[in-house]
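Chemist: Starting from the known structure of chain A, arrange chains U and B on it as the hints suggest.
Each chain is listed here by its residues.
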Amino acid sequence: MDAVKRYFRSPAAVIGLILLLLVIAMAISAGLLYPRDPLALAGRPLIWPFSNPRFLLGTDNSGRDIAAQIFYGARISLLIGGVATVIAILIGILVGAFAGYYGGWVDNVLMRITEAFQTLPNFVLLLVLVAVFGSTLTTVTIAVGVVSWPAPARLTRAEFLSLRNREFVQAGKTLGMKDVQLILGEILPNALPPVIVYASVVMAVAILLESALAFLRLSDPNVASWGNLIGLGRDVLRVQWYVSAIPGIAILVTVLAVSLVGQGLNDALNPRLKSR
Amino acid sequence: MRILSLAGRRLAASVPTLFLILIGVFLLLQLAPGDTVDALMAQMGGGDAATAEALRKFYGLDLSVPAQLGNYLWHLVRLDLGFSSIYGKPVATVILERLPPTILLMTASLSFAFFFGLVFGVIASRGVNRWPDTLISTLGLIFYATPSFWFGLMAIVVFSVYLQWLPPGGFEDIGTVQTGIWRVLDIAAHLVLPTLTLGLIFLAIYLRIMRASMLEVLNLDFVRTARAKGLDETHVITRHVLRNALLPMVTLIGLQAGTMLGGSVVVESVFSLPGLGRLAYESVVQRDLNTLLGIVFVSALLVISVNFVVDLLYARLDPRIAAEG
Amino acid sequence: MSETVLSLDALTVRLPKGADRPHALSDVSLSVASNEILCVVGESGSGKSMMANAIMRLLPNEVTIERGRMMFDGRDLCAADPAEMREVRGAGIAMIFQEPMTALNPLRTIGDQIGEMFAIHTGLSKAEINARVQALLEDVRIPDPKAAAKAYPHELSGGQRQRAMIAMALALDPKLLIADEPTTALDVTTQAQILKLIRDLQQRKKTAVLFITHDFGVVAKIADRVVVMQHGAIVEQGTADAVLNDPQHAYTRQLIAAVPPLTAPPPRILSGKDILTIDGVSKTYRTGGFLGRGARITEAVKNVSLHLPRGATLGIVGESGSGKSTLARCIVRLIDPDTGSIVLNGKDWAKLGRDDVRRETRHIQMVFQDPFASLNPRRKAAELVAQGPIVHGADRATAIAEARKLFELVGLDPSAGDRYPHEFSGGQRQRIGLARALALKPDVLVADEPVSALDVSVQAQVLRLLAELRQQLGLSIIFITHDLRVAAQICDVVAVMKDGAVVEQGLTAEVFGKPQHPYTQALLSAIPGGKFAREHSTAAE
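Chains as they are written, first to last, in the working numbering: chain A, 18 to 293; chain U, 5 to 329; chain B, 18 to 558.
In isolation and in its complexed conformation, chain A is listed as follows:
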């Protein structure tokens, strides 16, 4: 309960939460506010924002409503960001927990693999995965998750390494607990908070990765995503720059919101750091 109170004491964390709730509200209300397909032709192409009340944010070069694409894009960004983060964190915890708890050759093998993933630039790996498995929503989400797990794995491993020799874990051992009981019951609950906080970083990066992929037209072209729209707007950048500008701001706000919430959580869960 203290943590909740501490969270709401930080203005930045509250702003982050409000922004995040706003983006979530956009994602939920998209279907209600814009019942039509956001990728369908809606009007004259390249209407400037605020010049036509029907298209508050104007239209893009194919005459599609930008506002509708922004609202539907929130769904895609949150969906891909969220699911990819869950994938990355789950793999990360699994690998990190095993490597950190057992050490020795298990650790050696798992860390070699992690190192391999970190040595290969993640975006290049993402390109390879997309080149091999195609650019559907599902494959892109999984691919983003698969390239993002090494950092949470290292973090989990570091936590496990420091916790496994802590006296309360040794006490658990002398009580006769099995490895599974020690990992799940004793170490994991204590290792989890920093990993959960780190999930916000993973999510921010995941949203940015997907949008970059979409910008390069390598993500799913059949959904309304912010990155797609920026890529489209690039063709008319010199004059109708707003087509790219508006979805970019949407990405910025979303990633900012996620980062602020993450930082707020961190400060709320680790009060010692804040006090100095």
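If you are wondering where the hints come from, they were derived from the structure by calculation, not from laboratory data.
Idealized CB from N, CA, C, for every residue including glycine.
A couple of the hints might just be wrong.
[To be verified] SDA-like, lysine to any residue: derived pairs with alpha carbons at most 20 Å apart:
1) A:LYS195 <-> B:LEU351
2) B:LYS397 <-> A:ARG26
3) A:LYS195 <-> B:ASP129
4) B:LYS143 <-> B:PRO160
5) B:LYS397 <-> A:LEU209
6) A:LYS195 <-> B:LYS143
7) B:LYS397 <-> B:SER432
8) A:LYS195 <-> B:ASP412
9) A:LYS195 <-> B:ARG379
10) B:LYS368 <-> B:ALA390
11) B:LYS167 <-> U:ASN75
12) B:LYS167 <-> B:ASP129
13) B:LYS223 <-> A:GLY202
14) A:LYS195 <-> B:GLU377
15) B:LYS34 <-> A:ARG26
16) A:LYS195 <-> B:SER432
17) U:LYS61 <-> U:MET45
18) B:LYS422 <-> B:GLY410
19) B:LYS397 <-> A:ASN207
20) A:LYS195 <-> B:THR81
21) U:LYS93 <-> U:ASN75
22) B:LYS397 <-> A:GLU184
23) B:LYS531 <-> A:ASN207
24) A:LYS195 <-> B:ASP372
25) A:LYS195 <-> B:GLU521
26) B:LYS397 <-> A:LEU205
27) B:LYS163 <-> U:PRO323
28) B:LYS223 <-> A:GLU184
29) A:LYS195 <-> B:VAL408
30) B:LYS167 <-> U:PRO323
[To be verified] Every beta carbon over 10 Å from chain B, so not counted as near; a handful from chain U, in silico:
31) ALA46
32) ARG60
33) ASP66
34) LEU235
Modeler: Just chains U and B, lined up with the frame of chain A:
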């Protein structure tokens, strides 16, 4: 000498990592729909099955997967990355042509991000929770949240289209042939926006780490010792805090090298820079898998060499490292 | 001859809101004269370290001096501006700290850091500074001063680092030296050397020393005058002789009574049967070996043979690195010994497989050193105690009910079971740890430094509890400690370890009364205020 052997050992330890990557990506690419021959046939505007068969035999694609992998690795040992059917040149040649812009871009962005990250991080930590800190930290958060390709596009709109101060893309002016210092200046002008674009997010990361690391070190006992000696605040920072606070920053360069190289794919595409990143993008679009594999190899090599340099640097900064070896 | 160097007058230091009390120091008045050592004694939280920082004006940002005066060298330090303070620090008042490892910059050489003193306060040339640094390092009797000047802190031992700190502090012949628990982190033999060094240098240079400590043994060894602090206020001050031998204030008396005497209590009759027999146990570590090159081999435990009579307490004493903790962990099989046998209840415990160890472990339980780290912060106290029986198949509700009964046994309120570990004090947590070990009804209890993280008065309570339980439950105990005074109090038999091997063992009274091995003799004579402890114990009888 000791430091060198330590870093050398780390380097040797990354050889298996490199092979792990190559084998993994090679096998992954076997799953890709279509192969080099398909791409080549598409390039030629189609052809009959017999030609395709002959080409497959020529490229050794009719062999079993392990045999192909063995072939590839054997060629690799002799620094032969294979042949790019799209570019009609050996992959090694294609990559070497594209390497300089990327290395230049990475060096420039890294220096920019590291230097300003350091300066702003120190300023923020000195005025912790006062306005300079709030301003710098807020800007850092915004920079971190800005998609680099979008920032690049907006920079083009402002600096190239409206103000017309800087060129919107390319590595150098192709229209006029320049030599000597003029060519250097021309390339520099072309690299200003890409450097800022790629460096921005890393600037945000470095300043945040530097700030946190400064605050951490300022709390350590030896800083109290330094103050108890009668040292003034400026000298406490320069002589005792800075070097200690720099250690996590240096580690970060190594950790972020891969991310930075990945970021250059996007930035080079935005600014039409003929670099390695853009080549990676093109080879995905054109399904030039041989080149893609070559790029994977070279980027891993680049990241490993950056880490080698970082290891050397770290060992120079921290005497405790050499002792452990 | 002796003039007042520093005098504090009604010094009051305010703590930030939300602290456990409004003032860190309230109305503290004292004075230190040249050529004397004033010891400030108090338990943790008494405000003694805060006083040192206040004098140096190095308080944390939120902590402020509310009122009072600190007269040094004709001026009030409370009113001095930052530039004046910088002149005083190092040159007028120098300081040494508890942790010589963290108090030195890890990235700069010792010589460089000592030389900095001269660079700040004098205009000496580089060559002159180097010569002075050499002279200082010789003064503090560091082995090989030339090499030490070029060494980095991690290349020196704890004792050598503290010598370097002292050399640095005395570089400019300050009028006042503040020593904040300078020997607490050191082994007892090193501690004795450092205390002697401080005493010698102080007498030679006629420095005034403000010596902060929690240990009455150290006070007895070094103090000319003593100030006793509690909750930020001075409760008693006077000459060392007066305070130690005729304490006036109840708190002082309580503190002195809690200091364990070095002489063993009258021996108990021991059972002729051994419950645990350790024979030829060894454990060797290999570290840093990459492809077999540069591997370092540490023999943590070397061929140790011990036996524990039923119902007795076997003390294993030694300094850090002696292998006593590794041995303890071998005995409970947290570490697998390389060779040797550990026979418990007729079974060779060292040869059991993983699953058997898990099943049999209820016969032999462990109590850990750190009351903060040894309890899972995310479990309630009753749950922690009930964990063992639950693992061994007990029904959860019964186990929790049993746990509450155990709370009573170890002197805790049974209703406290619903609280989390951080809501307890250090001593209370150690009782929870004890209850957890007892929940499995073990025959043998292995206690690894169970009281060394506790304040001296709490230490005495926990030791008393342990002695009672031993009687009540018929426990046999292996008691690991670095503190010979603690061992003397509770152990029936002791074994002295050095570099992984047992150098001497026998009945406590015999080993401590007539030590045979030179190392045991050295350990015993190194105990600070050993003479005081012995006298004080006879006085107590």
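Chemist: Against each hint, give a clear statement of whether it holds in the structure.
Modeler: Each hint, compared with the structure:
Proximity of A:LYS195 to B:LEU351 is assessed by CA-CA distance (about 13 Å); at most 20 Å being required, the pair is judged to hold. The suggested pairing of B:LYS397 with A:ARG26 is violated, with an alpha-carbon distance near 28 Å, which exceeds 20 Å. Distance hint between A:LYS195 and B:ASP129 is unfulfilled; the C-alpha atoms sit about 52 Å from each other, more than 20 Å. Proposed proximity of B:LYS143 and B:PRO160 is contradicted: the alpha carbons are some 23 Å apart, above 20 Å.
The straight-line distance between the Cα atoms of B:LYS397 and A:LEU209 is roughly 18 Å, inside the 20 Å bound, and the hint therefore holds. Straight-line distance between C-alpha atoms of A:LYS195 and B:LYS143 comes to about 62 Å, which puts the hinted pair past the 20 Å bound. Taking the CA atoms of B:LYS397 and B:SER432, the gap is about 11 Å. The hint holds against a cut of 20 Å. At roughly 18 Å between alpha-carbon atoms, A:LYS195 and B:ASP412 fall within 20 Å of each other, so this suggested pair holds.
For the proposed pair A:LYS195 and B:ARG379, the alpha carbon gap of about 14 Å is at most 20 Å, so the pair holds. Only pairs whose Cα atoms come within 20 Å are accepted, and B:LYS368 paired with B:ALA390 is rejected, the gap being roughly 30 Å. Taken as a hint, the B:LYS167 and U:ASN75 pair is broken in the structure, with Cα atoms around 54 Å apart against an allowance of 20 Å. Between B:LYS167 and B:ASP129 the CA atoms are separated by roughly 8 Å; this keeps the pair inside 20 Å, and the hint holds.
A hinted pair counts as satisfied when its Cα atoms are at most 20 Å apart, and B:LYS223 with A:GLY202 does not qualify at roughly 60 Å. Proposed proximity of A:LYS195 and B:GLU377 is supported: the alpha carbons are some 13 Å apart, at most 20 Å. With a C-alpha separation of about 17 Å, the suggested pair B:LYS34 and A:ARG26 falls inside the 20 Å cut-off, and the hint holds. Restraint check for A:LYS195 and B:SER432: the C-alpha separation of about 30 Å exceeds 20 Å, so the hint is violated.
Restraint check for U:LYS61 and U:MET45: satisfied, since their Cα atoms lie roughly 14 Å apart, inside the 20 Å limit. Taking the CA atoms of B:LYS422 and B:GLY410, the gap is near 19 Å; set against the 20 Å cutoff, the hint holds. A threshold of 20 Å between alpha carbons decides the hint, and for B:LYS397 with A:ASN207 the separation of about 14 Å falls inside it, so the pair holds. Between A:LYS195 and B:THR81 the alpha-carbon distance is near 51 Å, which puts this suggested pair outside the 20 Å criterion.
For the hint linking U:LYS93 to U:ASN75, the alpha-carbon distance of about 19 Å falls within 20 Å, and the restraint holds. Simply put, B:LYS397 and A:GLU184 have alpha-carbon atoms about 17 Å apart, close enough for the 20 Å limit, and the pair holds. Between B:LYS531 and A:ASN207 the alpha-carbon distance is near 49 Å, which puts this suggested pair outside the 20 Å criterion. Annotation: proposed proximity of A:LYS195 to B:ASP372 holds, straight-line Cα distance about 9 Å (limit 20 Å).
Between the alpha carbons of A:LYS195 and B:GLU521 the distance comes to roughly 38 Å, so the proposed pair goes past 20 Å and is violated. For the proposed pair B:LYS397 and A:LEU205, the alpha carbon gap of about 17 Å is at most 20 Å, so the pair holds. Our distance criterion of 20 Å between C-alpha atoms is met by B:LYS163 and U:PRO323, whose separation comes to about 18 Å. Using a Cα cut-off of 20 Å, the hinted pair B:LYS223 and A:GLU184 is violated, with the two alpha carbons roughly 46 Å apart.
Our distance criterion of 20 Å between C-alpha atoms is met by A:LYS195 and B:VAL408, whose separation comes to about 9 Å. Straight-line distance between C-alpha atoms of B:LYS167 and U:PRO323 comes to about 12 Å, which keeps the hinted pair within the 20 Å bound. For U:ALA46, the shortest C-beta to C-beta distance to chain B comes to about 50 Å, beyond the 10 Å cut-off, and the non-interface label holds. No beta-carbon of chain B is positioned within 10 Å of the beta-carbon of U:ARG60; the least distance is around 43 Å.
With 10 Å as the threshold on Cβ separation, the claim that U:ASP66 sits away from chain B holds: the shortest Cβ distance comes to roughly 41 Å. The Cβ of U:LEU235 does not lie farther than 10 Å from every Cβ of chain B; its closest approach is about 6 Å, which violates its non-interface assignment.
The structure is inconsistent with the numbered hints 2, 3, 4, 6, 10, 11, 13, 16, 20, 23, 25, 28, 34, although it conforms to all the rest.
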